[in-house]
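Colleague: Next come the chains, spelled out residue by residue.
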Amino acid sequence: MATPDELLEFLPGSDCGQCGLTCAEFAAALSRGDLAPEDCPVLHEPDFAGFIDALHELLGPPAAPAPAMHLDPDRCNGCGICVAMCEYHLGNCDEARLGRGPRPADRVVFKVVNGAVVVLRQDLCTRLIQAAEKCNKCADHCPTGAITLT
Amino acid sequence: MICTGCGCLCDDLDLTVAEGQLLEVANVCLWGLSRFFPCKRSHPRKERRRILKPLARLNGRPREVSYETALEQAAEILGAARRPLLYGLTNTGSRAQEAALHLARKLRARLEPADLAFTAPYYHSLRKHGLYWAPLEVIRDEADTVLFWGANPLHSCPRHPVRYSVFARGRFTERGVEDRRVAAVDLYRTEVAKFCHLFVQVEPGRELQLLSGIREHLEGAPGPGPAVKGTRKLAGFLSQGDFGVIFFGRGATYNQGFALLDELAGLAARLGEERPFVLFPLSADFNAAGLYQLLFNELGSPEAPDFGHESGLLTTYATADWGEFDAVLVVGADPWWFLPEEQALALQARRVPVVSLSPYANRTTASARVVFPTALAGLEAAEVAYRMDGLPVVLKQVLPAAWPTDREILLDLAKAI
Amino acid sequence: MTHDLKSCFFEVGAGGAGGPGPLSQGKLSEQHPIGWYGMKIKITGGRLYDPAQGINGAEQDLFIAGDRIVESLPQPDRVIEARGRVVAPAGIELRGQVATYGLNFLRLWGRFPSLTELGRLYAAAGYTHVHEPLLTLYTAGYVHRQLAALPLVDTSASLALNLRDLDDSLKSPNHLEELGQAVKALQEKTRALDLRLLEPFVRYRQPFYSHRTLDAAQTLETLTRLALRCELRFSLEAAPEVLEAPLPEPRVFHLAALGRALTNPRRLDQALAHLDRGGTADLGFPCQAAGGAAEKPVKVDLGWYHPLNLTPDAGADAGAAALRLARQYQGPNLAFSVDGPVRRPEAALSSWWARLRDRRPGAGADEPPDREFSLWDWVWATRTLPARLLGLADRGHLAPGARADVALFDLPPDTPPSRWADCIARCRTLLKAGTVVIEDFALVQPDAPKATYYRRTGAAAGPLLAEICQYRSFRPENLWVTDELGGDWVGLD
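These protein sequences, in sequence, are chains A, B and C. Just so you know, we're using our numbering here: the first sequence kicks off at 23 and counts up by one. Just so you know, we're using our numbering here: the second sequence kicks off at 364 and counts up by one. Just so you know, we're using our numbering here: the third sequence kicks off at 21 and counts up by one.
Worth double-checking, as some hints may not be accurate.
Said to hold, decoys possible - PhoX-like, lysine-lysine: derived pairs with alpha carbons at most 25 Å apart: (1) B:778 - B:469; (2) B:557 - A:159; (3) A:156 - B:557; (4) B:557 - B:596; (5) B:403 - B:416; (6) B:759 - B:416; (7) B:778 - B:416; (8) B:759 - B:403; (9) C:316 - B:491.
Read the hints as simulated data drawn from the structure, not as lab findings.
The following block holds chain A by itself, in its conformation from the complex (with noise of 0.2 Å):
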């Protein structure tokens, strides 16, 4: 696990409070785990390509075991099905309730990226939130089975 010095060299360091804090600060939450390093706005520009990566290997895998959701990237053709069909995303997220994919910004469990879809929060996932195990939406919904939740 990495001490907020070494996440902080990761962080634009522009204090430019988009986030509500400080950089500084922003690395302590990142260390405690109560932020992800998708919540900082700035991260998500072009010219920080690959920080977002980089800290989330810092960071290593989360301290909670998510609930296996396995991806197929052989199967899956980018419909974004899932994404629309999340349950987490119909209350959090417009765009992808509204059937457009989210936007670089936006806290989603999952989205398509290159053709495929990739999970970005798998803590954000209901079956993890609630006695939601029962929730197979994006499983059951997928055309091609690219989905497999245990």
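Given the coordinates of chain A, work out where chains B and C should sit on it, guided by the hints.
Modeller: For chains B and C alone, coordinates are given in the frame of chain A:
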């Protein structure tokens, strides 16, 4: 960013670009991905080769030449032709299409949209039955009965179900797929079946019988004899609902296209007596709609124009017989991909010269005498394109272009001839 | 593409075969060498008709320098002989359905001219501006692309609002200001010149939403308050129920295409009352179909309660009712317009004017006209008033300072009534912004520059606008009309 993968023209792509290099595209489907990265459609790991320099054949072998030399040779080929054909155009921007029409006029050429065999039966049927039309915006808001006929949107336009037709949560379909009933008719069971409430697999050649059976059921007078399996269910499905739409795909026009579309349009008109009912062609090429809008605007008809006809201009729904032509210019299409082998060989035997404009190497460029590499519309070139429902969007240039655009080459050709 | 002048002339000299095509819309500066544009012209000896200045057929010279009409010129570069001819401002089509979404399907039956032809027909009939009545939130880009492809004539369009998108705000009286801002922002972002209502009520096809219904009286009452508060004006497409509803403040509403709403004498009286109270209207004569085999129905669903019918059965009644209204109304607030897709611009209005003018018993209508319809009335109803209604201050009149859009017609005073319609249908000479476009009935400048006019409202996008757009499949930023989708653009303040 707008995706030029198919006629959906999804406008919600987010690109990550660093130092002039495209790193990542979010919200793009596997089909559209091939417009951004040099990979084959739906095969992200199979590479496609970008053409880097203009090519011209010397002693039968393609050689890299300068743009001016290629232009000179192409102009010579097309200028000397008695009966030139300008083919394709459904996968290029509207501004390039305008230039192509200008060139076709100048060459007195026949201009053939690449998907004429698909759209001609549709427009032909409208003349007989009239039409009820709605843009995808209204369909996503209101359609509660959706039928796919001979269409697999997950292959031809993967995000169509999510953005417009099945899962989209519109103004009056706020629960998305739960507010809709979806059915499909196809020769084979496809992935679409996964979200269809009714899937009818029809034997090849029995589609017309299925359609007439549905009509009879709707009139309350089913004919004697055994009906095609699924007739009754489909008739029941179609007769319910407040707003219906039939999306038909290429599958509907492979055989007996004119007869089938005639029946489909008749069925839609019949259903439309009681509720809004739309018959909608699911075009896969990203700017096919733009080409037909242009033909409508300029020539007053969606038929393929032939400027070389003795009457001055003849327009026709009939697809061209390749045997007629003595030079071919291909833009935004790859006809050698589907041309029957004997026809391709016949063209080769007759030494019909082919000029091709394409960003990537394909079968057509492999047989072409002159090849121009072009900038990708909507990524390296600014353009305008029409979504499959005829609404135009502006394609922006986001990356520097090392090659001229289709439009520039076509205009240069027109000037040089 | 730049289009050099030589090739333009070559095409015209060769009979203009094939037409300039879509490539010809260059910018002014690219097409016209200096000197051409600054031409000084004198139109001499014509009978001038300019109701705005009170000139009714007086023989008078007209001077043009560059693109403007001027008081006088010592040394014109060119003199246009107009002795015995009628000199009038160029026509302004107030309601020309030429670019409506879906209109292209009408071309399937081969009886609808291409856009190139249509623009030329308008110019031949003496028009320099065509206003498209039906542009909606998501067809705006389409309509503007079509308008840009209409050659020769300037264009503009009305934003047709779907009140269903605004029903919540219409119900809450405290949000009028916000609603006004949203409407103004929509107008600017879709680059519309004015606002139009096809259905001045809120009604849902889905029974589930019936509790949100608003009838015409309620809706018009709220819209009046909105208009007065936010300085808006609406063109109201006339339907019988519009004439049934009280219009509290007539100056707020322009009644468009009245003919089809005048289905009984009471509605005719209501229309007259609206006009007498200071409201304006246009007549909406039915477009005459070209005959031949019947077209099949073409309907386009744009999310209104009723789909848009592009092959309306105009019937003789609507025309007769419009004629009756024109005969009975004595004031200045009534413009001429057509109802339905325009096929033959030259014939659309002139024949109706000739019928109005003809006072012989049995000619044109069942009752003798109450007043004489003169050329003055024609110019007022097809030029002066339309220009004022569209807010084109320098158009529709011939006073110094006005843009030099002038049409010359061969219509000697002794022309027999049977020839009136033909004479007024084709102009001998047409000048647009000081450039001769038609000369001796022939098109001489097929590449005359054109522009699309819209209103700059300066309203900022607010949360209500985002709410209106939320169900669209487009991201809001891609809904709006950008420069590339039309033009050349002229924003009016």
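Colleague: Confirm or reject each hint.
Modeller: Quick rundown of the hints versus the structure:
A threshold of 25 Å between alpha carbons decides the hint, and for residue 778 (chain B) with residue 469 (chain B) the separation of about 10 Å falls inside it, so the pair holds. Distance check on the hinted pair: residue 557 (chain B) and residue 159 (chain A) sit about 13 Å apart at the alpha-carbon level, within 25 Å; holds. For the proposed pair residue 156 (chain A) and residue 557 (chain B), the alpha carbon gap of about 19 Å is at most 25 Å, so the pair holds. The straight-line distance between the Cα atoms of residue 557 (chain B) and residue 596 (chain B) is roughly 18 Å, inside the 25 Å bound, and the hint therefore holds.
The straight-line distance between the Cα atoms of residue 403 (chain B) and residue 416 (chain B) is roughly 20 Å, inside the 25 Å bound, and the hint therefore holds. At most 25 Å may separate the alpha-carbon atoms for a hinted pair to count; residue 759 (chain B) and residue 416 (chain B) meet this at roughly 24 Å. Under the criterion of a C-alpha separation no larger than 25 Å, the hint pairing residue 778 (chain B) with residue 416 (chain B) is consistent with the structure, at around 21 Å. With a CA separation close to 23 Å, the supplied pair residue 759 (chain B) and residue 403 (chain B) stays within the 25 Å bound.
With a C-alpha separation of about 7 Å, the suggested pairing of residue 316 (chain C) with residue 491 (chain B) holds against the 25 Å cut-off.
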